[in-house]
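2 protein chains.
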Amino acid sequence: MLFKPKENLNEKKIIDHMRCLGIDMISEAGSGHPGIVLDAAPILYSLYGKHMKINPDDDKWINRDRFVLSAGHGSALLYSALYMAGYHLELEDLKQFRKLSSITPGHPEYGVTPGVDMSTGPLGQGFASAVGMAIAEEYLRNYYHQKNLDIIDYRTYVLCGDGDLMEGISYEAASLAGTLKLNRLIVLYDCNHVCLDGSTDQVFTENIFQRFTALNWNVFLVNDGEDIASIDQAIEQAKSSVDKPNIIVVQTTIGKYSKNQGTNKVHGTPLDKEDISSIKDKLGVRDIPFTVSNDVIVNFQEMIHTRCDEVYQKDQKMREKLDDEVKKELEKLEKLDFSLDHLDFDYEIPESQAEAPRVTSGKILSSLAKNNPFLLGGSADLSSSTKAYLEGLGDFSSSNRLGRNIFFGVREHAMGAILNGMALSGLHPFASTFLTFSDYLKPAIRMSALMNLGVTYIFTHDSLSIGEDGPTHQPVEQLVSLRAIPNLTVLRPSDANEIIGSYKYIMSNQTGPTALILSRNTVPIKESTSIHDVARGGYIVRKERKNLSAIIIASGEEVDIALEAASRLEEKGYDIRVISMPSIELWHKQDEKYREELLPLGVKTFVIEASSSYSWYEFVYNDKYLINMNTFGASASKKDLYQTFGFDIDSVVTKIENLLK
Amino acid sequence: MLFKPKENLNEKKIIDHMRCLGIDMISEAGSGHPGIVLDAAPILYSLYGKHMKINPDDDKWINRDRFVLSAGHGSALLYSALYMAGYHLELEDLKQFRKLSSITPGHPEYGVTPGVDMSTGPLGQGFASAVGMAIAEEYLRNYYHQKNLDIIDYRTYVLCGDGDLMEGISYEAASLAGTLKLNRLIVLYDCNHVCLDGSTDQVFTENIFQRFTALNWNVFLVNDGEDIASIDQAIEQAKSSVDKPNIIVVQTTIGKYSKNQGTNKVHGTPLDKEDISSIKDKLGVRDIPFTVSNDVIVNFQEMIHTRCDEVYQKDQKMREKLDDEVKKELEKLEKLDFSLDHLDFDYEIPESQAEAPRVTSGKILSSLAKNNPFLLGGSADLSSSTKAYLEGLGDFSSSNRLGRNIFFGVREHAMGAILNGMALSGLHPFASTFLTFSDYLKPAIRMSALMNLGVTYIFTHDSLSIGEDGPTHQPVEQLVSLRAIPNLTVLRPSDANEIIGSYKYIMSNQTGPTALILSRNTVPIKESTSIHDVARGGYIVRKERKNLSAIIIASGEEVDIALEAASRLEEKGYDIRVISMPSIELWHKQDEKYREELLPLGVKTFVIEASSSYSWYEFVYNDKYLINMNTFGASASKKDLYQTFGFDIDSVVTKIENLLK
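Heads up: the sequence lines are chains A and B, in that order.
Counting the first sequence from 1 gives a position; the working numbering is that position plus 154.
Counting the second sequence from 1 gives a position; the working numbering is that position plus 154.
Certain hints may be false.
Where chains are identical, the list cannot tell them apart; a pair therefore holds if satisfied intra-copy or between any two copies.
[Said to hold, decoys possible] Dumping the calculated EDC-like pairs for lysine to aspartate or glutamate here, alpha-carbon to alpha-carbon at most 20 Å: (1) K815 <-> E772; (2) K758 <-> E772; (3) K398 <-> E772; (4) K393 <-> E479; (5) K253 <-> D802; (6) K486 <-> E474; (7) K778 <-> E428.
No lab work stands behind these hints, which were simulated from the structure alone.
Nothing here was measured: the structure is a model prediction, and the numbers come from that model.
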């Protein structure tokens, strides 16, 4: 049944104050996006005031409804709604909008503003991550149901704009959401027909109803974005959906009440003083910046508390009665503590003393997942190749909400964003594809890093050593692209020992995302590689015998080339140290003493990695000491490619010898 | 009217030989994708044999129909069709499939195999680039019509699979194609319901008919992929489309005739010998590898020549009669010569001696475009901000095929791929968005680079200096990501002079893609910056007075910081040289003498660039000499951010001074 506001409550007054606070913030900041603030305020009012299960005093409440402002440029509206709803923001915070160290940054940032469930701004990311939140809710609800616990039961709401729906990532995520029947996902689409460059008529003419129906969604229409009753009714209908995700198309007028309403002039520039005065006049709000009368706030907050407090209290009481183990589990979920509880896993080095890194990784991941219920994930239609599949743990689907393997389809970008949504819900998700195709999800990886989320990306087929598939499939620039992302840790282990070390590091130190880079080829498992030294980023895998002639640094499959080259060079009278460097980021974190011990000043240092030189200049005197890959590869056997591009042992030895002579 | 094959022609025989050649290639190579070879052969037979306007002896014929194998893993099928159609491939070439230096690489590569119109492999790219080809055809056809010349009149065909349609890029491109009413685009969708990891039921349940109808496409169905008459009929219907792009859903069985047909087992692994024998037995093809009887080939090629030769001859005769100017123009289009004919442009340095690089760029681009009809492009809904808009040259739309500004919508990824399709049609396209969002189109930029296409990417809002929009909008790692792409030239000019130099370089030396990186902020136009030295990558913008103390390298907006720091340091007794380095790629191309003259060994060298250090290690002794940005930014004013992150003049001077003391 629809929640009825108090009879004396003037709903429009609340909405109009929300609007005016938002445009005041933008005006004070001198930049921002007033268009959406004016047109979507009724939507935020309805969600926070009448539908979402929240407690503004406890914005981490695990069983709260989630809200994602996919149209992140509408941050001023969100902050004004959060302030009015009673989240821990002061009026002063609104005045600091877009200023240094404020809790009201230009686009919403997770962890900065109380009540913000996700960082948004790059279009489409919020929409797709919300699908991940809905997947997480399904998993967690059913996980606890199975234990006869009714702890998790919430919805995920999204506000998106035209821009979000034009982005391919939103289509990818929507298609998967339809297949997975995520009925607790409710998207409100602020359909104002205007984007930054003008009317959407020239770029976006699709039939949204038909499109989302095709993707197995419910589609609801609200003809007039000012009609609160219709918005409410549509949300109520969406809430009763049984087997489909929901989109509510709310027809709005961008910059409603501004002299430029309905045009792109109000999209991204502050309104002028006169326009603001005129809007406030029309709305009956006093023309003083940041005016908000107490009764408006009291009314709004009362609506929320009357509706939500009981269920919150019930939730808290139930939690007190839970087993300590479950309590601890929930605390970790709430805190987004991504470290796994059970770090032991079964893995036996094969008798052959050789294995493909992707295979080793698959085994470890499967074993880890058996004891850690919140480790789950999947692949963008490449699990058969990447081996990132949890054996025996079932496939997540509309009929199996406890399946641990998610089939993302050939949708790399949505996969990355969905991982972010799952991590924001406390899970520790993983995803896999080929390293070259990490490009497809780069914007989502960046969001993982920005939000410090413990997600694990598994990228296999990591160099030209994949051979015949050719240059479209052979990564060159991808490693440095990933290494350059702040907060992302890139690990490129050389064999099973280092893969074990990588997983130990990843699963116990997860304060940000990790990219695990793996070869597809069988490699020897070496006696000199170390499990625990992976965490140091780089370490010695071959000591010099007596008088150090030179050092070779390598990573991944190329460590074997380095070791072989060192042996050959020894025969020629050179005494070589080999350093395996699975992670430059972790290397950078070591103290100077360790780093100088391993790489003493003045010793000629070479690097072998079949990837862009940009990663490695810092370690060498000049580029002559780099054995890297700076052109596209080719379609041929690994052997032929190594010869062509200088990674065969003869070429490597000759190159190093010439520089040592 | 439908083309009728000779009565005695056994169509199935041609198709079956095409199939068998394909699986023999995969078997001989030991890797490849037999599933699509077996299921889609009837489609390629129909297209090449009965519909496409081609001349296998002249695969660059400008007026030919284009074919894009978006499902690039089906290369064996394409090569076998091209061979049989009489393109310049020998049977020996098919035997060299996936081998070093062969003309039959693992995935189709433009410029390597006669008849291959585009490199494909990464899913979705082909589909989206075909939309660019269709845009180019519309533009060129109407461009010549306007001159009363009937030179251009062709269709673009695509074969795509489930994977292509799951990718967001294909949705983005399809939505735009519908809006633009690109009726000469005909997509054949090999709908086999199987992807690499299994049945599409678990990942791809959308209603394709409804989806494409929603996007304003015609949708045709062929129930049985073996039914050639139905395929033909559907293609004929699609050809008569007046105002909609077309997709023909061809229901096929993956790996048709294999013992594993209909399953993912036949997707990406060679068939075993026994299976191949059994298939050949069923098809009545002799069980000897690479068997193809002469009459089959003769029949197939006769079909093509009977149908196409007349129109080809007519085309050639007409071309002989053309003006020399038009002839030259067409030759350039055919050769994909991207250099512009008219390199002069109007641009006046403003009186204020200061201008925002994005504004300068917009003016030059507009002026260049006025005299160069094949320079056109647009933005992903940010032209108002990037200023990449051609003033007075109209907007491309379904009703204005001569408009030069393309509104891509918020569809960065498709924008990049569409540029590739336009460039493959001989145009010189450009596209723009914010530098951070270059991530969204990275996979398409890589394709531009792989194919050496002369496309220009304009990325503005290039560092934390954008201020308030915050870390989601502030690039950090993007510059090195772009610089690491082989064949891509990145230019980051510091002011109007260098922007002029950049355009001169780009528009006259275009043998590969370029990324032009521009600040949004107003910067002074310096007396010491040079137009022609941009082509050298780096040059001196401030000479030392007498005794060189140190060198500062900078790019873009940071050149002004470097110059200011040099002046301040001079007051403190240090004699500083400043080098502006707009392009590391072009710097690398200079001879050693020039580079050593500018950066003499043993002189302390600093770098200032508000971007990842990975770009710059090669120029400095160690990272203490780098003034870069290796963390995410924040939402605040430019001034506050510069202070916080060490780019204000005091911090810079102090840092350098401490290292010079």
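Exercise for the section: May I ask which of the numbered hints given earlier this structure violates, with the numbers listed in increasing order? Expected result: When the structure is compared with the hints, numbers 1, 3, 4, 7 turn out to be violated.
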